[in-house]
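Protein chains: 2
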Amino acid sequence: MDLTKLNAELAKRDLDAVVAVSPENVLYATGAYIITQKLVRDRIAAAIFPRNGEPTFLVCGIEESLARAESWIQDIRTYVEFQENPVRMLADILRAKGCRGRRVGIEKRFLCAEDFEVLVAADRDTAFVDCREVFEALRPYKEPLEVACLRKGARATRKAVEAAFLVSKPGDTERQIANRILRNLFELGADEMTFMVLGTGKRSSIVHPIPADIPTEPGHIVRQDVGTLFKGYHADMAWVAAVGKPTPHQAAVYRKMMKAHKAVISNMKPGTRFCDLYNQCKEIYLSEGLRFFLPHIGHSLGVELHEAPMITPGNDAPLRENLVMNVEHIHADPDGSAYQLEDLVLVTAAGPEVLTGADFSDEIPVIE
Amino acid sequence: MDLTKLNAELAKRDLDAVVAVSPENVLYATGAYIITQKLVRDRIAAAIFPRNGEPTFLVCGIEESLARAESWIQDIRTYVEFQENPVRMLADILRAKGCRGRRVGIEKRFLCAEDFEVLVAADRDTAFVDCREVFEALRPYKEPLEVACLRKGARATRKAVEAAFLVSKPGDTERQIANRILRNLFELGADEMTFMVLGTGKRSSIVHPIPADIPTEPGHIVRQDVGTLFKGYHADMAWVAAVGKPTPHQAAVYRKMMKAHKAVISNMKPGTRFCDLYNQCKEIYLSEGLRFFLPHIGHSLGVELHEAPMITPGNDAPLRENLVMNVEHIHADPDGSAYQLEDLVLVTAAGPEVLTGADFSDEIPVIE
Numbered sequence: 001m002d003l004t005k006l007n008a009e010l011a012k013r014d015l016d017a018v019v020a021v022s023p024e025n026v027l028y029a030t031g032a033y034i035i036t037q038k039l040v041r042d043r044i045a046a047a048i049f050p051r052n053g054e055p056t057f058l059v060c061g062i063e064e065s066l067a068r069a070e071s072w073i074q075d076i077r078t079y080v081e082f083q084e085n086p087v088r089m090l091a092d093i094l095r096a097k098g099c100r101g102r103r104v105g106i107e108k109r110f111l112c113a114e115d116f117e118v119l120v121a122a123d124r125d126t127a128f129v130d131c132r133e134v135f136e137a138l139r140p141y142k143e144p145l146e147v148a149c150l151r152k153g154a155r156a157t158r159k160a161v162e163a164a165f166l167v168s169k170p171g172d173t174e175r176q177i178a179n180r181i182l183r184n185l186f187e188l189g190a191d192e193m194t195f196m197v198l199g200t201g202k203r204s205s206i207v208h209p210i211p212a213d214i215p216t217e218p219g220h221i222v223r224q225d226v227g228t229l230f231k232g233y234h235a236d237m238a239w240v241a242a243v244g245k246p247t248p249h250q251a252a253v254y255r256k257m258m259k260a261h262k263a264v265i266s267n268m269k270p271g272t273r274f275c276d277l278y279n280q281c282k283e284i285y286l287s288e289g290l291r292f293f294l295p296h297i298g299h300s301l302g303v304e305l306h307e308a309p310m311i312t313p314g315n316d317a318p319l320r321e322n323l324v325m326n327v328e329h330i331h332a333d334p335d336g337s338a339y340q341l342e343d344l345v346l347v348t349a350a351g352p353e354v355l356t357g358a359d360f361s362d363e364i365p366v367i368e
Numbered sequence: 001m002d003l004t005k006l007n008a009e010l011a012k013r014d015l016d017a018v019v020a021v022s023p024e025n026v027l028y029a030t031g032a033y034i035i036t037q038k039l040v041r042d043r044i045a046a047a048i049f050p051r052n053g054e055p056t057f058l059v060c061g062i063e064e065s066l067a068r069a070e071s072w073i074q075d076i077r078t079y080v081e082f083q084e085n086p087v088r089m090l091a092d093i094l095r096a097k098g099c100r101g102r103r104v105g106i107e108k109r110f111l112c113a114e115d116f117e118v119l120v121a122a123d124r125d126t127a128f129v130d131c132r133e134v135f136e137a138l139r140p141y142k143e144p145l146e147v148a149c150l151r152k153g154a155r156a157t158r159k160a161v162e163a164a165f166l167v168s169k170p171g172d173t174e175r176q177i178a179n180r181i182l183r184n185l186f187e188l189g190a191d192e193m194t195f196m197v198l199g200t201g202k203r204s205s206i207v208h209p210i211p212a213d214i215p216t217e218p219g220h221i222v223r224q225d226v227g228t229l230f231k232g233y234h235a236d237m238a239w240v241a242a243v244g245k246p247t248p249h250q251a252a253v254y255r256k257m258m259k260a261h262k263a264v265i266s267n268m269k270p271g272t273r274f275c276d277l278y279n280q281c282k283e284i285y286l287s288e289g290l291r292f293f294l295p296h297i298g299h300s301l302g303v304e305l306h307e308a309p310m311i312t313p314g315n316d317a318p319l320r321e322n323l324v325m326n327v328e329h330i331h332a333d334p335d336g337s338a339y340q341l342e343d344l345v346l347v348t349a350a351g352p353e354v355l356t357g358a359d360f361s362d363e364i365p366v367i368e
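Respectively, the protein sequence lines represent chains F and L.
Under our numbering, the residue at position 316 of the first sequence is numbered 316, and the numbers go up by one with no gaps.
Under our numbering, the residue at position 269 of the second sequence is numbered 269, and the numbers go up by one with no gaps.
Bound conformation, chain F alone:
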């Protein structure tokens, strides 16, 4: 995280300090990835940034060595789990930094109601306001180390799915194909899995089908969407394959979707508006005779799976350099199958870089 930019955001919003408490903002702001913060909800971690002052990182005692090893923050404080209240310690730290009676930004969409009450009770003079916008202003524009991490995950996911399709055959179950994808991803360096969605035939049209012991059959469409983490950064990609020789209809649907996909991606340059991308996708879908009911056709990602901004019809802001976005669209076909494409794109001054891999084919992948 760029401290100069953070301080500028705090000044702009008249905040005297900001406190990150969600796992994603703690990772983003400190560089330390504390997995147990996600697994054990009460094991609070908080990163405190007074405007133009020294930051402090508060973690559970058992995570001290990890915090010291991974974070650039020098001032690390710890609490003893079940014995000390980390929220009261947070209030004490804010007071010591001179924030009493000032405006402090905190993640009111993450911090639970009970902890917020403890915080407010400890300092009734201080205005605790939501700070979502501070991080939303910074996080979409990735730093080089973040891009490297996202590129590694995106490329690995594309390879993992492609390789799994190549060695699968009609009759394999959803779970078998899904397990091949996961195995490949772990081989390629994924640290954690976040979700695995894979459905065959009519099940492709369920929004989030958990892979089951159901065999694929010739004529089916297999739709998959998989999420993993590489050093705490998300990788997320969806794709489809035809089981056995694709029907002319299946081949045509895929080609039409790919036409929209390539057109939108090639337009992802600084200055293009998010709504322009959305409308472009919608127009091609409709002119090609595809169904279009999507509220958005993509989301930013990074330390969180769905980050702002999103590619919606109402978002008339322009794309900017170093933005990383998933372009993602689904067509629910009248034949009962759903088709999906999703790729990850980095916006650069020179144009879009497809982090998943730019080698798009107009032919639907085949499991044969």
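Hints are supplied without guarantee of correctness; some may be wrong.
[To be verified] Have a look at the derived ranges for each label pair, beta carbon to beta carbon: (1) F:Glu217 x L:Asp125: 21 to 27 Å; (2) L:Asp2 x F:Pro248: 53 to 59 Å; (3) F:Asp213 x L:Val80: 32 to 38 Å; (4) F:Lys12 x L:Pro334: 49 to 55 Å; (5) L:Ala350 x F:Asp213: 29 to 35 Å; (6) F:Glu84 x L:Arg255: 35 to 41 Å; (7) F:Glu363 x L:Asn322: 52 to 58 Å; (8) F:Glu217 x L:Ala252: 54 to 60 Å; (9) L:Asp125 x F:Phe360: 57 to 63 Å; (10) L:Asp42 x F:Pro144: 25 to 31 Å; (11) F:Arg109 x L:Ile214: 37 to 43 Å; (12) F:Pro248 x L:Ala69: 31 to 37 Å.
Read the hints as simulated data drawn from the structure, not as lab findings.
Ideal placement from N, C-alpha and C gives every residue a C-beta, glycine not left out.
Here the structure of chain F is known, so what remains is to put chain L in place on it, guided by the hints.
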């Protein structure tokens, strides 16, 4: 979930309704496992139980079909994401159920501060109190379907780790061994991975080492702890292995820990107190010359990884039938390695059933 028991808890605590909003309590209370609720935090789901009345299940529109397929609750309501505020809809539902001005239990340790403010603002006459204790009173004592799910996950984890140790050899990296464990787990039916901890040599003593491309060497201890989900229920098991022929010291440490492990587990019968188990483990550790600094030696698990109750020195409540507990203890050896044992136990009237598998050996597993 047993509605009769829930209603008894509500009566006991003078609550007119209770609302589940966390992914774990929504799964527990409704039977529906909505994975995107965990991935996209704003995609709220809420299960509303008026005392002795008809429950209502509120979900995001795109999850309606899943909720209808998986939940026993008939009255399912939906909201349109980004357009309707689910918290205001929740307030409307509570009002329609006659809860205005009454006492309503809600998860104040999960619901975020901002949503809680919206809820309170919608109904200032209603007392919204934390309902953690309601679910903590019910969840430890598992129903037969829950036990079946936990047994499947526990047994699969034990097999997955044992099989990975069997086919690993000195020189394999942490990541290679970890990937074998994960691959086995997915083959055996795991739907999701929650965490993977594996460290070799000195890294075994880091609390939560993420597997790295670091080779195991003869003389090392490998410590692993892995978590997955089977239909939303957690599986969690830790174990160690010696790389190459174990030294007499390594073999002895393992035997001593196993002595404590077996003694504690054989004592897990209805009526035994949690603190008795803790003290028993501590006494054997100390009498055998092992270090003991643990705040607890086990936790319940189910829809959540660490559930109440825990095996702590201060917990003088008795164990009861149908309780499922992980027994988990770590010894940090002066030689710089850490050793860990963790198994899952079901408390029955006939005594303990080790769900991970009761075939304990006093010999440390070997990677050779």
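Checked hints:
| no. | hint | verdict |
| --- | --- | --- |
| 1 | F:Glu217 x L:Asp125: 21 to 27 Å | violated (58 Å) |
| 2 | L:Asp2 x F:Pro248: 53 to 59 Å | holds (55 Å) |
| 3 | F:Asp213 x L:Val80: 32 to 38 Å | holds (34 Å) |
| 4 | F:Lys12 x L:Pro334: 49 to 55 Å | holds (54 Å) |
| 5 | L:Ala350 x F:Asp213: 29 to 35 Å | holds (33 Å) |
| 6 | F:Glu84 x L:Arg255: 35 to 41 Å | holds (37 Å) |
| 7 | F:Glu363 x L:Asn322: 52 to 58 Å | holds (55 Å) |
| 8 | F:Glu217 x L:Ala252: 54 to 60 Å | holds (57 Å) |
| 9 | L:Asp125 x F:Phe360: 57 to 63 Å | holds (59 Å) |
| 10 | L:Asp42 x F:Pro144: 25 to 31 Å | holds (30 Å) |
| 11 | F:Arg109 x L:Ile214: 37 to 43 Å | holds (38 Å) |
| 12 | F:Pro248 x L:Ala69: 31 to 37 Å | holds (33 Å) |
Of the numbered hints given earlier, the model fails hint 1 alone.
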